[in-house]
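Trainee: What follows is the residue order along each chain.
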Amino acid sequence: GESVGLHLPTLSVQEGDNSIINCAYSNSASDYFIWYKQESGKGPQFIIDIRSNMDKRQGQRVTVLLNKTVKHLSLQIAATQPGDSAVYFCAENYQAGTALIFGKGTTLSVSS
Amino acid sequence: NAGVMQNPRHLVRRRGQEARLRCSPMKGHSHVYWYRQLPEEGLKFMVYLQKENIIDESGMPKERFSAEFPKEGPSILRIQQVVRGDSAAYFCASSPAGKGTEAFFGQGTRLTVV
Numbered sequence: 003g004e005s006v007g008l009h010l011p012t013l014s015v016q017e018g019d020n021s022i023i024n025c026a027y028s029n030s031a032s033d034y035f036i037w038y039k040q041e042s043g044k045g046p047q048f049i050i051d052i053r054s055n056m057d058k059r060q061g062q063r064v065t066v067l068l069n070k071t072v073k074h075l076s077l078q079i080a081a082t083q084p085g086d087s088a089v090y091f092c093a094e095n096y097q098a099g100t101a102l103i104f105g106k107g108t109t110l111s112v113s114s
Numbered sequence: 318n319a320g321v322m323q324n325p326r327h328l329v330r331r332r333g334q335e336a337r338l339r340c341s342p343m344k345g346h347s348h349v350y351w352y353r354q355l356p357e358e359g360l361k362f363m364v365y366l367q368k369e370n371i372i373d374e375s376g377m378p379k380e381r382f383s384a385e386f387p388k389e390g391p392s393i394l395r396i397q398q399v400v401r402g403d404s405a406a407y408f409c410a411s412s413p414a415g416k417g418t419e420a421f422f423g424q425g426t427r428l429t430v431v
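Chains as they are written, first to last, in our numbering: chain S, 3 to 114; chain L, 318 to 431.
Keep in mind the hints are simulated off the structure, nothing from the lab.
Do not take every clue at face value.
[To be verified] If we take Cβ atoms under 7 angstroms as the criterion, some of the chain L residues that face chain S in the derived model are:
no., residue
1, Tyr350
2, Gly359
3, Tyr365
4, Phe408
5, Thr418
6, Gln424
Beta carbons: idealized from backbone N, C-alpha and C, even for Gly.
Could you put the whole structure together from the sequences, leaning on the hints where they help?
Mentor: Here's what the structure looks like:
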């Protein structure tokens, strides 16, 4: 079936490094993508989103890149901090009025 | 403006009992989504509701699971005759009408079946 997936289950970085978390999606009809951060014992928290008519969007310390040619989504975190340690999920929305579909997640560990 | 409220946060049930999970959406949100998260897994969509109507239940198991969102009160996810495999975190999200991309999540209910 069609689903959103992530390339790596875990990523370990040093504090201050830049982190890149990747996601591959299979539904070319999806028009909206979101990155969520989930800390232990908590619900997913919105980080940043991007529409399919864009290829890049920047937020505070985060950038999302969308490559529709290869159906690839990435989240870049600049100057990673220990507080960034969490599980990161990408999610896609097939069409307006439908629920978000999530991938499996990447666990980011930041060491000081 | 309170966020999405889920209760209880933790729920322990013996096999065969019923579990009821509650979700109160954010103020002004009329749509609710339920997701299940198994350990080390992503969130799996279960059901999408608006008040008094189920919009999409394609992710709901065919037996034992049901959901409702009455005109008044919280949305309820009900699991009858629970089994150990139902142990998971259940998350609820809410959004304004027709804007599933603006969904905010609650803190989840962790169900443990013993």
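Trainee: Compare the structure with each hint and give your call.
Mentor: To see whether the hints hold, each was checked on the structure:
Restraint check, tyrosine 350 of chain L versus chain S: the minimum CB separation of about 5 angstroms is within 7 angstroms; hint holds. The beta carbon of glycine 359 of chain L is positioned within 7 angstroms of a beta carbon in chain S (closest approach about 4 angstroms), and the interface hint is therefore held. Because the beta carbon of tyrosine 365 of chain L sits about 5 angstroms from the nearest beta carbon in chain S, less than 7 angstroms, this interface hint is met. The criterion of a C-beta within 7 angstroms of any C-beta in chain S is met by phenylalanine 408 of chain L, whose closest approach is roughly 5 angstroms, and the hint holds.
The closest approach between the C-beta of threonine 418 of chain L and any C-beta of chain S is roughly 5 angstroms, which is under the 7 angstroms cut-off, so the hint is satisfied. Residue-level restraint check for glutamine 424 of chain L holds (minimum Cβ-Cβ distance to chain S is 5 angstroms; threshold 7 angstroms).
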